[in-house]
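S.K.: Protein chains in written order, with the numbering used here: chain A, 1 to 283; chain B, 1 to 319.
I should point out that these hints are in silico values taken from the structure, not numbers from a laboratory.
Here a beta-carbon is modelled for each residue, glycine too, at the ideal position from N, C-alpha and C.
Wrong hints could be hidden among the right ones.
Simulated crosslink set (PhoX-like; lysine-lysine; CA at most 20 Å straight-line) [said to hold, decoys possible]:
hint, chain 1, residue 1, chain 2, residue 2
1, B, 155, A, 60
2, A, 60, A, 7
3, A, 7, A, 53
4, A, 137, B, 24
5, B, 24, B, 43
6, A, 218, A, 13
7, B, 5, B, 166
8, B, 24, B, 155
9, A, 233, A, 137
10, B, 42, B, 24
11, A, 111, B, 155
12, B, 166, B, 187
13, B, 24, A, 141
14, A, 248, A, 259
15, B, 43, A, 137
Some residues of chain A that are not near chain B, with every Cβ distance over 10 Å (derived) [as the list claims (entries may be wrong)]:
hint, residue
16, 98
17, 212
18, 255
Residue-level listing of the chains:
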Amino acid sequence: MNLTEDKIGAIMKAAERIRKDCIWMSTRAGTGHLGPALSIADILATLYVGVMKVDPKNPKWPDRDRLILSKGHGCLALYSILSQVGFFDRKYLGDFCTKCDTLLPGHPELKLPGVEANTGSLGHGIAIGMGMALAAKLDGKQYRVFVVTGDGELQEGSNWEAAMAAAHHKLDNLVVIVDRNRLQLGDLTENISKLEPLEEKWKSFGWRVKSINGHDIKELLSTLNDVPFSIGKPSAIIANTVKGKGLKIAENKVEWHYKVLTKEQYEGLKEELALEELGNERI
Amino acid sequence: MREFKKSTRTSFAEAILEVGSENKDVVTVAADSASRYGDFVKKFPERCFNVGIAEQTMIGVAAGLALCGKIPVVTSYANFLAFRAIEQVRVDIATADLNVKMVGTDTGFSSAWLGFTHLALEDVAAIRSIPNIVIIDPADATEAYLATKAMFEYKGPVYMRLRGRKDEPVLFGGDYVFRIGEGKVLKEGHDVLIISSGSAIYESLIAWEILRQKGISATVVNMATIRPLDEALLLEITSSVRSVVTVEHHNITGGLGSAVAELLAEKRPNVRLLRMGVKDTFGTAGSEEMLKAHFGLDAKAIAERVEVFLKNDCENEVS
Chain A
1 MNLTEDKIGA
11 IMKAAERIRK
21 DCIWMSTRAG
31 TGHLGPALSI
41 ADILATLYVG
51 VMKVDPKNPK
61 WPDRDRLILS
71 KGHGCLALYS
81 ILSQVGFFDR
91 KYLGDFCTKC
101 DTLLPGHPEL
111 KLPGVEANTG
121 SLGHGIAIGM
131 GMALAAKLDG
141 KQYRVFVVTG
151 DGELQEGSNW
161 EAAMAAAHHK
171 LDNLVVIVDR
181 NRLQLGDLTE
191 NISKLEPLEE
201 KWKSFGWRVK
211 SINGHDIKEL
221 LSTLNDVPFS
231 IGKPSAIIAN
241 TVKGKGLKIA
251 ENKVEWHYKV
261 LTKEQYEGLK
271 EELALEELGN
281 ERI
Chain B
1 MREFKKSTRT
11 SFAEAILEVG
21 SENKDVVTVA
31 ADSASRYGDF
41 VKKFPERCFN
51 VGIAEQTMIG
61 VAAGLALCGK
71 IPVVTSYANF
81 LAFRAIEQVR
91 VDIATADLNV
101 KMVGTDTGFS
111 SAWLGFTHLA
121 LEDVAAIRSI
131 PNIVIIDPAD
141 ATEAYLATKA
151 MFEYKGPVYM
161 RLRGRKDEPV
171 LFGGDYVFRI
181 GEGKVLKEGH
191 DVLIISSGSA
201 IYESLIAWEI
211 LRQKGISATV
221 VNMATIRPLD
231 EALLLEITSS
241 VRSVVTVEHH
251 NITGGLGSAV
261 AELLAEKRPN
271 VRLLRMGVKD
281 TFGTAGSEEM
291 LKAHFGLDAK
301 AIAERVEVFL
311 KNDCENEVS
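Chain B with its partners taken away, still in its complex shape (with noise of 0.2 Å):
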């Protein structure tokens, strides 16, 4: 792990700064939330649209710019894009493919004392209902460019999950490779299978150290694309493998771990589950690390409970 820190907010404006420059047709649309692009809207500002506060605006705002041939991003509170403007999400975007990208910030615990009105826990789940949605959750600001990048190379709509402002760890290096639909195996091992997303890898990957030195190998899967879900890799691993956990900071219901556990439910019945997440409740006000902790969703967390799970062969431990 390297030891500067960067905002997945940052990566994301230096990214839409450079696919702006090079593509003409890139556009921004905002809800009042023009920040988050960064230097664009100065560099560009005859391609920045703010909407003002009205997120089914800037979501209908874009669909006409993209059925005129542009290339528009939008962005907002993860809960106000998707689940305020969810109904133009689906009838004027998705239905239509419209090549929007969606780009829901203050995810998992990041807004931390905002309360449960901004801790988005639930947006995975909403835009997972509707078809037609590529949804990506970087681990890291390297991944969070890359991915940035990524979905304006592909056509048609995206949903990505960035953070609130603050500085994070940042997991990977230059030489990192993002690719939509590709899971990525950060560790390997042989005894469980941990695949997690967004910012619940980095918790992932202390947990999985944690685990080390208790004499637990497990492999670390960043399934940054929840859908489409890297099925292939999944059943690879799961062939020898079968013990699975998935972490998300979101709830367990509709996200990362539903996806998991519909492939797993259908192509791998004799493999354990375990999900941890969100247990179907709503968030609260806290500090990142105190909501980690009070969710049971820190890598200490973590760790015991793949260590009590792992005890528990016989017992289909499933809260």
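Just chain A, same shape as in the assembly (with noise of 0.2 Å):
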């Protein structure tokens, strides 16, 4: 075992943790974005785990790395990995919609400690992130801004607007991750409008890009490790990744990206998925 092993393996064990705490909480409020969430587990995990510097207890530290989830449906897996790193007590979970004006909504809001911006309404979260990397740079931090997208998400022209002028402005300090899982909410992405090739779409708008597997915990840490690819460059991480992943009934169905689990489903699964009780008010 040395250090990265250590880390790998703690890695795991969190976007495990995510997995199970994403399918009780949406079992329990018989909502949320589940498939959406389940494809980003691995790489929140690595992120907040092996290679974010972020200070839980103070969550407004200014030199922190800061995440900004553009897809911000996906937020089960956010609300999960934040109190796992201690952003806030794993009690509130139960509260993800189940109580009006609950600080863990249908998607994530600044109230709640670590999270970096509102999002729900794609295409937003380059733009901030790009406004963010402006900030460090201004001010001489060192700190880096991860963005995640979905791939649907890219869609949305305004990414592609905020693309151009980060790499305008050199942000070496962004890096956008797409959560390429190929679905979107009504179908496939190539049947709704075609994202490819995507990695050349990325390349042209003059940023560096790697297209790795999402969900292999060394190749994602090394890859995050790695940023910036290029010096006065930003980077774009394309994940692969499966849409429900650690769900079988689940994956890479396109009716999962607003689908739960019936509690009755949820019985049957818990002991192969060594889930919770579903009527604890807290895991």
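Relying on the hints, combine the two individually framed chains into one complex.
M.R.: Listed below in structure tokens is the structure:
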């Protein structure tokens, strides 16, 4: 065992915990974007456990790395990892979409410690991240800004405005991670409005791009620790993922964009997936 | 009224330079609109970020900067800020209560020949539909200067209306005081209350003089802050003056007239109201003077309609 192996083990454990939390929260609430959360579990676990400099006890620490979940509907996974690393007590996970004015609504809001921007409407995150990256350069700070986007989300034109401007401003402290699960709400991305050739698109906008397996922790860790890929250029990582990853009945199924387990299904899977008691108030 | 002329844009640029010289956190974000910041760009290039013709990105970038403690000011043609980027204004700025100053130019008829795409006659309505944004519509260069400084003293999102490049009559002198949320009584009278803002103030003041010569005594209030509306001032005046006219170089729907109507309908149901503005139609191309006449919003038209409104005491004129 060396340090990297220890780290990979810790990340895998956190990712596993994310998946269980996502399934637990969404089943209890009877709502949530489960598929899009499960596809980013490994990405977020790697970032928060293995890559980002954050201080959960001081969430507004000025020098922290920032993460913007531009695909805000994937917030189940964000809530889990933020609670795991200590931004807030895990007892709040039970509030996901079960209480009016909850800190854990169906899209993330700044009122929850650890959330860096209000997101939910797609195509906003890269520009906000760009603003943060500009602020870092202006202040001579070393922090990085990570923006996780969906792949279908890239059909929003605002992403490409921001991509063009970020490259122009040479923001090598800005990293976009595309959750390339190939599915969007209604169908495959390639059946709705083609994204490919996606790597070439980012390249032509002036970004350095790497395409990786978004579920391979080792690859995620080495890639994310390698940014910026070029000095003076923003980095894009196309993380090839499986929507619903880890929940067999949801994997690669378009309808699981916004679908959750029934309580009966949950009970049926509880033993196999070592899930928590659904009736528990907290986990 | 003073004789010299100056554009609201010029005094905005002067104020930005002063505010930015005093506070290093002030940054500007432009969507190919950097010239509106004047000398600030030359003096503080490191604090000027131009994102290209991309208003949505301009707002998003401003949000990111504000989330890192900067105080960004953004500017664009009012329509492109208030409409094209309205979702970013709502989601990125307003709900997050970010300290971003948004400045829309070419409001009212000031973009003249550029036509309806550029004439900003619905921007206040759009921004007013979003909670938590202060809305300021300065009457002249003096007020634009003071309002620019005031909006940086206020912490939170602000939308300010400016006009085109053209120099306009300067109405207020160096002793003029501007405070966010305070309406100003410019003329006192007892027959009718005229509430106006922005470029419509100049026309309202000339209308006041025309009315005076006809024996009609009007109060003119400069409601430079459209939100929060100075309700206390309006309720005080309407406790004695029962005929109210709003004048705006904006659609009568959603702007100053609507804000006043909402207040009076609830608190002063016995007051008669006439809203003067663009009557729920689009702008068109013309010189500023042509457009004011075309839409019945120059001084002469204002005075005539106020006179008729007061004569038809029993008739509820609404159009």
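S.K.: All hints, please: hold or fail.
M.R.: Status of the hints after comparison with the structure:
Our distance criterion of 20 Å between C-alpha atoms is met by residue 155(B) and residue 60(A), whose separation comes to about 19 Å. As the CA atoms of residue 60(A) and residue 7(A) are separated by approximately 25 Å, the hinted pair breaks the 20 Å bound. Taken as a hint, the residue 7(A) and residue 53(A) pair is honoured in the structure, with Cα atoms around 15 Å apart against an allowance of 20 Å. A hinted pair counts as satisfied when its Cα atoms are at most 20 Å apart, and residue 137(A) with residue 24(B) qualifies at roughly 14 Å.
For the proposed pair residue 24(B) and residue 43(B), the alpha carbon gap of about 12 Å is at most 20 Å, so the pair holds. With a CA separation close to 13 Å, the supplied pair residue 218(A) and residue 13(A) stays within the 20 Å bound. With a C-alpha separation of about 9 Å, the suggested pairing of residue 5(B) with residue 166(B) holds against the 20 Å cut-off. A C-alpha spacing of about 16 Å is found between residue 24(B) and residue 155(B), which places the hinted pair at or below 20 Å, so the restraint holds.
For the given pair, residue 233(A) sits about 13 Å from residue 137(A) by alpha-carbon distance, which is consistent with the 20 Å threshold. Only pairs whose Cα atoms come within 20 Å are accepted, and residue 42(B) paired with residue 24(B) is accepted, the gap being roughly 15 Å. For the suggested pair residue 111(A) and residue 155(B), the alpha carbons sit about 18 Å apart, so the restraint of at most 20 Å is met. Using a Cα cut-off of 20 Å, the hinted pair residue 166(B) and residue 187(B) is violated, with the two alpha carbons roughly 26 Å apart.
Proximity of residue 24(B) to residue 141(A) is assessed by CA-CA distance (about 16 Å); at most 20 Å being required, the pair is judged to hold. Taken as a hint, the residue 248(A) and residue 259(A) pair is honoured in the structure, with Cα atoms around 14 Å apart against an allowance of 20 Å. With a C-alpha separation of about 18 Å, the suggested pair residue 43(B) and residue 137(A) falls inside the 20 Å cut-off, and the hint holds. With a closest Cβ-Cβ approach of about 22 Å to chain B, residue 98(A) is found to remain outside the 10 Å limit, as its non-interface label requires.
The Cβ of residue 212(A) lies farther than 10 Å from every Cβ of chain B, with a closest approach of about 26 Å, so its non-interface assignment holds. For residue 255(A), the shortest C-beta to C-beta distance to chain B comes to about 27 Å, beyond the 10 Å cut-off, and the non-interface label holds.
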